[in-house]
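*Asks:* Chains as they are written, first to last, in the working numbering: chain X, 9 to 296; chain W, 9 to 296; chain Z, 9 to 296; chain S, 9 to 296.
Hints are computed from structural coordinates only; laboratory data are not their basis. Just to be clear, a hint being listed does not mean it is correct.
The calculated SDA-like cross-link candidates involving lysine to any residue, where the alpha carbons are at most 25 Å apart (straight line), are [claimed, not checked]:
(1) 215(Z) x 159(X)
(2) 264(W) x 123(Z)
(3) 215(Z) x 174(X)
(4) 157(S) x 147(S)
(5) 108(Z) x 147(W)
(6) 259(Z) x 36(X)
(7) 264(Z) x 78(S)
(8) 140(X) x 140(S)
(9) 92(S) x 43(Z)
There are 4 protein chains.
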Amino acid sequence: MSENSGTRATLLVSCPDRTGLVAALASLLSDHGANILRAQQHRESLNSMFFQRIEFDCAGLDISREELESLLGIECGRYDMEWKISYGDQPKRVAIFVSKFEHCLSDLLLRLRIGELNCRVPVIISNHPELKSIADANGIRFEVFPITKENKQDQEQREIELLNSLEIDLVVLARYMQILSPTLIGAFSNRIINIHHSFLPAFVGAKPYHQAYERGVKLIGATAHFATTDLDEGPIIAQDVEACSHRDSAKDLVRKGRDVERVVLARAVRAFMDDRILVNGRRSVVFE
Amino acid sequence: MSENSGTRATLLVSCPDRTGLVAALASLLSDHGANILRAQQHRESLNSMFFQRIEFDCAGLDISREELESLLGIECGRYDMEWKISYGDQPKRVAIFVSKFEHCLSDLLLRLRIGELNCRVPVIISNHPELKSIADANGIRFEVFPITKENKQDQEQREIELLNSLEIDLVVLARYMQILSPTLIGAFSNRIINIHHSFLPAFVGAKPYHQAYERGVKLIGATAHFATTDLDEGPIIAQDVEACSHRDSAKDLVRKGRDVERVVLARAVRAFMDDRILVNGRRSVVFE
Amino acid sequence: MSENSGTRATLLVSCPDRTGLVAALASLLSDHGANILRAQQHRESLNSMFFQRIEFDCAGLDISREELESLLGIECGRYDMEWKISYGDQPKRVAIFVSKFEHCLSDLLLRLRIGELNCRVPVIISNHPELKSIADANGIRFEVFPITKENKQDQEQREIELLNSLEIDLVVLARYMQILSPTLIGAFSNRIINIHHSFLPAFVGAKPYHQAYERGVKLIGATAHFATTDLDEGPIIAQDVEACSHRDSAKDLVRKGRDVERVVLARAVRAFMDDRILVNGRRSVVFE
Amino acid sequence: MSENSGTRATLLVSCPDRTGLVAALASLLSDHGANILRAQQHRESLNSMFFQRIEFDCAGLDISREELESLLGIECGRYDMEWKISYGDQPKRVAIFVSKFEHCLSDLLLRLRIGELNCRVPVIISNHPELKSIADANGIRFEVFPITKENKQDQEQREIELLNSLEIDLVVLARYMQILSPTLIGAFSNRIINIHHSFLPAFVGAKPYHQAYERGVKLIGATAHFATTDLDEGPIIAQDVEACSHRDSAKDLVRKGRDVERVVLARAVRAFMDDRILVNGRRSVVFE
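With these hints in hand, go ahead and build the complete structure from the sequences.
*Replies:* Below, the structure written as structure tokens:
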């Protein structure tokens, strides 16, 4: 989906459900020469909210992007729609946060190199220097912000400034072993994806694989979710599991878990790149 | 999805892709008070065909069903669309064909009893008498048509007559151990679902679990597909697998496979009940 | 594994680990003509306990079963082993507890009919009369013990007496919607298998599918475990999951979950029938 | 399992089944102070062959490794056993063959760096120069052997010489896009692991993902197997699948398949490192 997306645009909307929503946007777009390639809707019965993703080809547009956005603003205003448009020729800009574990980082960079992810990575940020060589080998800037209890607020402020100056769209916490403060989370609301190494809500908090080992579960998992100020409670984007057994030590679970973490995090990042995620309170809509 | 479907209708369309298709039908429906609950599209790049499923609520329709269908006929005609409409208050009518294995039949009947499948089963047809007691316990008519090389043509003719007289929408081959003739298949084109006990196209033909055992595969599977005159070659609707190992004898594979067969067949039947399947040559579109 | 088990025996042992354990039992058995068909060991690093399962063919035994057991008692005593022996020609006796949901019960009975489970089911016990017809159709005694706060202790006492009089080896709680008292649990320690409709330890307690829906998880699961006095905390025997998405209502999760519950419960019951489960505190060893 | 394996040894044996095999080796080992950590057996009913893997701790051995091997030679001779012993402090030596796709190579090197695979990689061999920088970044020798129809025999001869001079135990074909000649395959019989990008035996030969797309399967897979002179027919070591749908283009299948290829190949290589694979004709025994 990420590939060959030169003339593609994606429109995400959400609003209280009412009759005529699908027709309204479909008509607006096709009236101006946009060819709808894919349209997905979801109506959440829990709170009667409506969510839609429309992927369309701009090649035949008879108006400019600015004019289209202006028309969308008017139409969406009529329906109290929140909306967001993205263009395939404007890849998102991603900052990856890491600590000492390299598996998620290396996996994302591999996917980037072979063209699986339509994005740019202007910076890798860490609280430790260990993974610098990986950033170097990929020609990516690597910034170390050591965090202590005393300097945390200042360091995060500097991180926010760096992220803003680099026009970052998404922060990926690729096994970053620091809890972000509400300030940083608030600055990138629903734009920070974390990978938690358990099948949430089982085993919140520290050392989930050891918790899993002691509980004797027969599957271990990983969860990618948006970071919120409630730790491990943000909207879940992707989850997966792997079978385990009595034979697996806690160390084996850590090893098996790494494979799940990698795949689940990449799936979530890819969904964000493709503008397939909408947040609905504690739940997320992730179109395929 | 099958539940509470009293005022729901589902429209399935397919046609060569062109601009405006999504808007055209969305507008027609909403102009007449239909609330679109879910709309799914697919554009097949292989042959530039467009497929759409629209699920809508008829409660607010300001015209009759007949009038709606008449308008749809005109609109779909303009776009060379093939189309089909179903109503939630008109459950489909299903005939189940079996031989001697009961697991798929019992599984389907369990799902029917507990309300998972929105359909009627007016008849179970078999070439053997063994499973009559199961039909009896569920209060379903059971007809035995013993098949020999000599009588096959006649028996199938009688079966077709029975199916027609009962206004059957779908034939389910629930481990029916007879190859259907082109006549019967042609009479119910894309309306016969078969469960093959392998991960097609691996292990076509007879005794797939024994083939799988000898080949030493590490996963066994099952495939639900529309029956066509090319044996085991019809459009695939659903597939799944289960892990196996050197410890599993051919008999173990048969046992493990039964669980996969049941789930896969039920998934395909349910997709048909919900009007989520469209056929595109050798491939199928199965909306979620 | 359950099949053709006429002359098979299975020995389960557990003890503190030390050198020579594997050789000791293997020698004893083969010295008396037992052919070891399969031997599985596990050493738990957590507490240095050793677990072993030996499946052997008794056909060539040059001593009686009683003599063998007497020798095993002596040998196992030397190593502080707990041990238990079972014979394939003495199928276990199972009581199934149900309430109003039939899917787990019907699934187990299907497996019983087609020979997947090497056991007898002398009784189905329920706190409601609804599922009597299913018991009847399978020719199994059905006993109703309505439970109220007032009569619970008495009714459970009567249940224990019935279970004992029928020489029940295993109690299966097939979606039995009553919490068992410590008395009943204590009377069948590590011999009561419950199916919980979530991926434990996520969503303990009531209405787990609704909890899962509200939390927005992307997988739902089921867990078979031994019932203990700590609700939902007993040793886990089997778990599995199924993918879900924003499209699934709580009702859809209930439906999808039924398939997982059935498979997971059957897997656990089968493991018990085959004497493949050993308990190690909160964890279980489940040999394949 | 690979970790902390300093004093561990692993014995693999296979022979025609007969009474006393398990006891014979267990006694020999424990008589000389070896502590058996894990013992796994398999009896193949197809041909009455017996397979065993014994993992033991050498720390308490009261004889030398050479003396132990000498005693094993005598004992195994009595039972017509083929046998092989490995020591945890002698990591296997692996050559990785690649062409232009980097995903399997990068994945294996990541696992090597973070200690998941207990092996050495003295050389990466390719028929193309493209992936040299990855070898360089990991400090591994990279040798290019361009292959043409004319020079194939000579180049392979040079490869064999290089592999022998480096004392290579295992060749991994990590998406190496050349068919090996019988000479090379014969020189490393059951020591060449290939990853085929389909769920074998479905889609043998070229472009399996495109075949899968055209057939419209709902799962795509990958298979790790020993390379034999019958292309895609060698004993299967590991397989896995990933769900796909009508939405996936052939290009999407290629992308999804990469994840499966990586995991399946790593699983097979790890099993080889841990001496868990035994070959039985067209089938393999892979202990967990």
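*Asks:* Evaluate each hint against the coordinates.
*Replies:* Each hint, compared with the structure:
Under the criterion of a C-alpha separation no larger than 25 Å, the hint pairing residue 215(Z) with residue 159(X) is inconsistent with the structure, at around 45 Å. A threshold of 25 Å between alpha carbons decides the hint, and for residue 264(W) with residue 123(Z) the separation of about 13 Å falls inside it, so the pair holds. For the suggested pair residue 215(Z) and residue 174(X), the alpha carbons sit about 46 Å apart, so the restraint of at most 25 Å is broken. As the CA atoms of residue 157(S) and residue 147(S) are separated by approximately 31 Å, the hinted pair breaks the 25 Å bound.
Between residue 108(Z) and residue 147(W) the CA atoms are separated by roughly 21 Å; this keeps the pair inside 25 Å, and the hint holds. A threshold of 25 Å between alpha carbons decides the hint, and for residue 259(Z) with residue 36(X) the separation of about 35 Å lies outside it, so the pair is violated. A C-alpha spacing of about 58 Å is found between residue 264(Z) and residue 78(S), which places the hinted pair above 25 Å, so the restraint is violated. Distance check on the hinted pair: residue 140(X) and residue 140(S) sit about 21 Å apart at the alpha-carbon level, within 25 Å; holds.
For the proposed pair residue 92(S) and residue 43(Z), the alpha carbon gap of about 24 Å is at most 25 Å, so the pair holds.
Hint compliance for this structure: hints 1, 3, 4, 6, 7 are broken, all remaining hints hold.
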